[in-house]
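Throw the hints in and build the complete structure from the sequences for me.
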Amino acid sequence: MYKSKLKFMILAVVVGAIAFTGCKKDELPDVDENELITTFRLKFINNADDSDTQTITWKDLDGDGGADPVIDELSLQANAVYSLSVDAVLDESKSPAEDIKEEIAEENDEHLFVYTPSTGLNAVFNNFDKDENNLAVGLTATVTTGAASSGTLKVTLRHQPDVKDGTSAPGSTDMETTFTVTIGNRKL
Amino acid sequence: MFFHKHLLCLAFFIALIHSNLQAQQCNAMLFGNVKDSKSKSVLPGATIHLMGVKQQTISDLDGHYHFQNLCDETYIVKVSFIGFQTKTITVKTREQTELNVFLVPDLASLQEVTVSGAKTTETAIQTRSVLSGIDLAQTKGLSLGEALKKIPGLSSLQTGPSISKPAIHGMHSNRVLIYNAGVRQEGQQWGAEHSPEIDPLIANEIIVLKGASAVAYGSDAIAGVILVEPSELQYGKGIKGEVNLIGASNNRQALLNFNLENAGLKSDNWSYRTYFTSQIAGNAKTPNYYLQNTGYNQVNGAIIVGYKKQKFGTELYASTFNSKIAIFTGSHIGSTEDLQNAIDGSRPVPDADFSYTIGRPYQSVSHNILKVKSFYELNPQNKLSLQYSFQQNNREEYDQVRGAENKSYQLKFQLSTHNLDFHLENKIGKNISGKIGANTIVQQNFYDGRYLVPFFNSVAPGLYAIQKYSNNKLQVEAGLRYDYKYMKARLRENPNVQSSPEITPEFNFSQLSASLGANYQISKQLLANITASKGWRPPSINELFSYGTHQGSGTFEIGDRNLRQEEAYNFAVGLKKELGSFTFDVSTYYNLMDNYIYLKPGDDLILTVRGAYPSFNYVQVDARFSGFDFSASVPLIANTKLLAKYSTVRAYDRSTGSHLEFIPADKYSLNANWEIPYSNKRFRESSLDFGISHTDRQYRVSQTQDYLATPSAYTLFSLDARTNIYFNEKPIGLSFTALNLTNKVYRDYLNRFRYYADEVGRNFILRIQIPI
Numbered sequence: 001m002y003k004s005k006l007k008f009m010i011l012a013v014v015v016g017a018i019a020f021t022g023c024k025k026d027e028l029p030d031v032d033e034n035e036l037i038t039t040f041r042l043k044f045i046n047n048a049d050d051s052d053t054q055t056i057t058w059k060d061l062d063g064d065g066g067a068d069p070v071i072d073e074l075s076l077q078a079n080a081v082y083s084l085s086v087d088a089v090l091d092e093s094k095s096p097a098e099d100i101k102e103e104i105a106e107e108n109d110e111h112l113f114v115y116t117p118s119t120g121l122n123a124v125f126n127n128f129d130k131d132e133n134n135l136a137v138g139l140t141a142t143v144t145t146g147a148a149s150s151g152t153l154k155v156t157l158r159h160q161p162d163v164k165d166g167t168s169a170p171g172s173t174d175m176e177t178t179f180t181v182t183i184g185n186r187k188l
Numbered sequence: 001m002f003f004h005k006h007l008l009c010l011a012f013f014i015a016l017i018h019s020n021l022q023a024q025q026c027n028a029m030l031f032g033n034v035k036d037s038k039s040k041s042v043l044p045g046a047t048i049h050l051m052g053v054k055q056q057t058i059s060d061l062d063g064h065y066h067f068q069n070l071c072d073e074t075y076i077v078k079v080s081f082i083g084f085q086t087k088t089i090t091v092k093t094r095e096q097t098e099l100n101v102f103l104v105p106d107l108a109s110l111q112e113v114t115v116s117g118a119k120t121t122e123t124a125i126q127t128r129s130v131l132s133g134i135d136l137a138q139t140k141g142l143s144l145g146e147a148l149k150k151i152p153g154l155s156s157l158q159t160g161p162s163i164s165k166p167a168i169h170g171m172h173s174n175r176v177l178i179y180n181a182g183v184r185q186e187g188q189q190w191g192a193e194h195s196p197e198i199d200p201l202i203a204n205e206i207i208v209l210k211g212a213s214a215v216a217y218g219s220d221a222i223a224g225v226i227l228v229e230p231s232e233l234q235y236g237k238g239i240k241g242e243v244n245l246i247g248a249s250n251n252r253q254a255l256l257n258f259n260l261e262n263a264g265l266k267s268d269n270w271s272y273r274t275y276f277t278s279q280i281a282g283n284a285k286t287p288n289y290y291l292q293n294t295g296y297n298q299v300n301g302a303i304i305v306g307y308k309k310q311k312f313g314t315e316l317y318a319s320t321f322n323s324k325i326a327i328f329t330g331s332h333i334g335s336t337e338d339l340q341n342a343i344d345g346s347r348p349v350p351d352a353d354f355s356y357t358i359g360r361p362y363q364s365v366s367h368n369i370l371k372v373k374s375f376y377e378l379n380p381q382n383k384l385s386l387q388y389s390f391q392q393n394n395r396e397e398y399d400q401v402r403g404a405e406n407k408s409y410q411l412k413f414q415l416s417t418h419n420l421d422f423h424l425e426n427k428i429g430k431n432i433s434g435k436i437g438a439n440t441i442v443q444q445n446f447y448d449g450r451y452l453v454p455f456f457n458s459v460a461p462g463l464y465a466i467q468k469y470s471n472n473k474l475q476v477e478a479g480l481r482y483d484y485k486y487m488k489a490r491l492r493e494n495p496n497v498q499s500s501p502e503i504t505p506e507f508n509f510s511q512l513s514a515s516l517g518a519n520y521q522i523s524k525q526l527l528a529n530i531t532a533s534k535g536w537r538p539p540s541i542n543e544l545f546s547y548g549t550h551q552g553s554g555t556f557e558i559g560d561r562n563l564r565q566e567e568a569y570n571f572a573v574g575l576k577k578e579l580g581s582f583t584f585d586v587s588t589y590y591n592l593m594d595n596y597i598y599l600k601p602g603d604d605l606i607l608t609v610r611g612a613y614p615s616f617n618y619v620q621v622d623a624r625f626s627g628f629d630f631s632a633s634v635p636l637i638a639n640t641k642l643l644a645k646y647s648t649v650r651a652y653d654r655s656t657g658s659h660l661e662f663i664p665a666d667k668y669s670l671n672a673n674w675e676i677p678y679s680n681k682r683f684r685e686s687s688l689d690f691g692i693s694h695t696d697r698q699y700r701v702s703q704t705q706d707y708l709a710t711p712s713a714y715t716l717f718s719l720d721a722r723t724n725i726y727f728n729e730k731p732i733g734l735s736f737t738a739l740n741l742t743n744k745v746y747r748d749y750l751n752r753f754r755y756y757a758d759e760v761g762r763n764f765i766l767r768i769q770i771p772i
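Chains as they are written, first to last, in this note's numbering: chain X, 1 to 188; chain D, 1 to 772.
Calculated directly from the structure, the hints in this document are not laboratory data. Being a predicted model, the structure only gives us computed values, none of them experimental. Wrong hints could be hidden among the right ones.
[Said to hold, decoys possible] Calculated cross-link-like contacts (lysine-lysine; reagent style DSS-like; alpha-carbon spacing at most 27 Å):
(1) D/LYS412 / D/LYS488
(2) D/LYS412 / X/LYS94
(3) D/LYS383 / D/LYS435
(4) X/LYS59 / D/LYS407
(5) D/LYS412 / D/LYS38
(6) X/LYS101 / X/LYS59
(7) D/LYS524 / D/LYS427
(8) X/LYS94 / D/LYS407
(9) D/LYS38 / X/LYS101
(10) D/LYS473 / D/LYS38
(11) D/LYS35 / D/LYS237
(12) D/LYS667 / D/LYS140
The following block contains the structure:
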């Protein structure tokens, strides 16, 4: 009597074990770096002179670690007004590359680009585009340069789901890049 | 265990004296011994019940019992003890009445005791602490990590209020083995933010073995072993069970738990028990604000089915643990600047109200175990045991990411483990007993989503032998174990680059473990113990292969594929007095660790799209851990006693002499316990406990290496009140616990979220225990 019950129990264990292990994986999962950004590109157009268009790129194709990112330098003219736009935010680790700028634009009530010039760099960022709550997004802006100077520009993308209040404080950082900037007098 | 029996006996006894004092002037005394009628040996722990007045006591170590302040009248005395026939005697008390009771062994049940003789709770000679009885009851509703903090030398590594991971003498994760109902728990032990996937409500007692417990439990138990033990299956005892209802005020936790045993089985050879726990909790609250997204819910169940005959028995165990745990939103940082802002206070704690809603980030964890355990008694000296278990750990992590609504988990693990153990329990002559066995663990890990650790397969066979010599006063135990581990990982050379070539590095580790221990009974009440042991563990998968940012801690962690195995040499001495009104337990230890693996802050900054992260590398150093655990109980007047505990750990890097990080600070606690002497037909076994615990600031660590100096010392107050309400002689247990009574604002060094938020504030817990 008990033998048959025992057999049943052993069978139950074996069947159970097979059922549990059902999930077999042959391939390594695709690289899926969480919210990776490999390319970030900004475009500056001089309002007084269309030919003065500057594009700078921050690029790190192999993601976090490994080779260091390649970062362009920016040079703007003194005492000028530029229209700034975020030209591209891409995750090229995926194929095809993921357009993150599009995602940010869709969720613009959760995102904020913060532009922080270093002390001594004579550039003022304002006139940001606004989301549905009339809070700044920063996909476009106006840059007004002053006298010739040099320093750095830090661009931070803040992810602020449900907590966006127009300031940079709440939420967490999705991207933080720093460019070297020179503001010079018009070449003759 | 015995310790608690004795306390209980004391409590009953004290309660007795006083209840009668209240009643009338009665000065008679009833006393005597309880003995085995056959062997004439004394029987400690027998229950002596005065039927008419419903009072009872338990015989002490010498088999002695006594009742005081009885009236001069006739009493019916019922004496019972497991394995003996219950005896009922009528006695007329006058002044000093002596009644010696001889119990006749119950042959049927004695055989039963022999058959189920393999008590899982029998452990090797080692420094051990047990959480059972009222101590365990006081922790019901808390997680395993929180419950264990009651034991000196144990702390917990926390990730916010909902994740708590036990640490023994400052060591945790892979260095602490947890046995869940006899099965070596194989979850995601390596992650500090992964708490053990165990429902502590299944436990009848939780035993902690401190120090390397390599031989008996597995070579990697460098810091110790935690045994979560359900009570043994009872055969032929009829329906038994209980329902627990628990509610807590702070996070509005609601918990339902029940267990049911042996219901309606006609055959005494079969038995079963089921467990079920379901609970839900919402946002926890610090004294000043709610912690957004810190709730959790859980559904757990287990079933044990046993079959037993004279010489053969088998047990099937299956359990499931399912939990969804929210992670505090304020801990989600994207860059080191976020972290710095959180620390400086320029990043506000997210506004939150109370809510049961679990949003991102959260973890969804399940753990399923299947076990078959059988034994066969070859002869009275030798018993064969075979245990097979299969367990699967599934963990999904849901991060707060862009476009979260359209995405599933960001990271998933599936770890499957088969474990086969075969051993022979032997007795040689009168004085020597032990076991010899073999054990194999086969493991497989998959992941999906973002890279954290690679795929791997491993096989780890081991052989062990442990033998004990015992005579009246002395026990000496020696053990030897050999383990081998083969592991093959599978990953991309650079795990973050899709086009990077696939590699399959292989690893081989092997080593001997050994232990030598002795217990010496200095006097009837004093027990000394000394142990020396050696254990080792292979580096864990994350130590070998981590590569990436750890956003919760703002670091870039880098593993090292060339790490060697870690070896530990443990020496411990202990002295304890478990009987009498004054009791104590003191132990001290000294651990030398060679190639101790830890995460060391590096010199590099790794530039990522989220800014620069400081690099942390897994490195090996020679370390030294030493410390001291102490507890003592002193009786005071009027049924009160004082219980004092103290524990301290010192951990150094032996080569530089500097302190190791993340080691618990010194902790002191003092409890005053009052066994309320008033009882009547309805309310009995009432007690009140008031506790103070003080945790020092951890200043034995470089204050500049961390983002933030270590938190200040803090003192917490607690209260526990309990009683049993009797209906038809069935007790309904009622208890009330208040934690952090003064609503103290504090932070703890071992909480990884100490940068972001305060610890939880005042919490009231109400528990109702109803027998079935």
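Status of the hints after comparison with the structure:
1. D/LYS412 / D/LYS488: holds (20 Å)
2. D/LYS412 / X/LYS94: holds (19 Å)
3. D/LYS383 / D/LYS435: holds (9 Å)
4. X/LYS59 / D/LYS407: holds (25 Å)
5. D/LYS412 / D/LYS38: Roughly 62 Å separates the two Cα atoms, so the pair is violated.
6. X/LYS101 / X/LYS59: holds (15 Å)
7. D/LYS524 / D/LYS427: holds (26 Å)
8. X/LYS94 / D/LYS407: Since the Cα atoms of X/LYS94 and D/LYS407 sit roughly 15 Å apart, the hinted pair holds (cutoff 27 Å).
9. D/LYS38 / X/LYS101: violated (88 Å)
10. D/LYS473 / D/LYS38: Holds, because 24 Å separates the two Cα atoms, which is no more than 27 Å.
11. D/LYS35 / D/LYS237: holds (25 Å)
12. D/LYS667 / D/LYS140: Holds. D/LYS667 to D/LYS140 sits at ~22 Å (cutoff 27 Å).
When held up to the earlier numbered hints, the structure conflicts with 5, 9 and fits the remainder.
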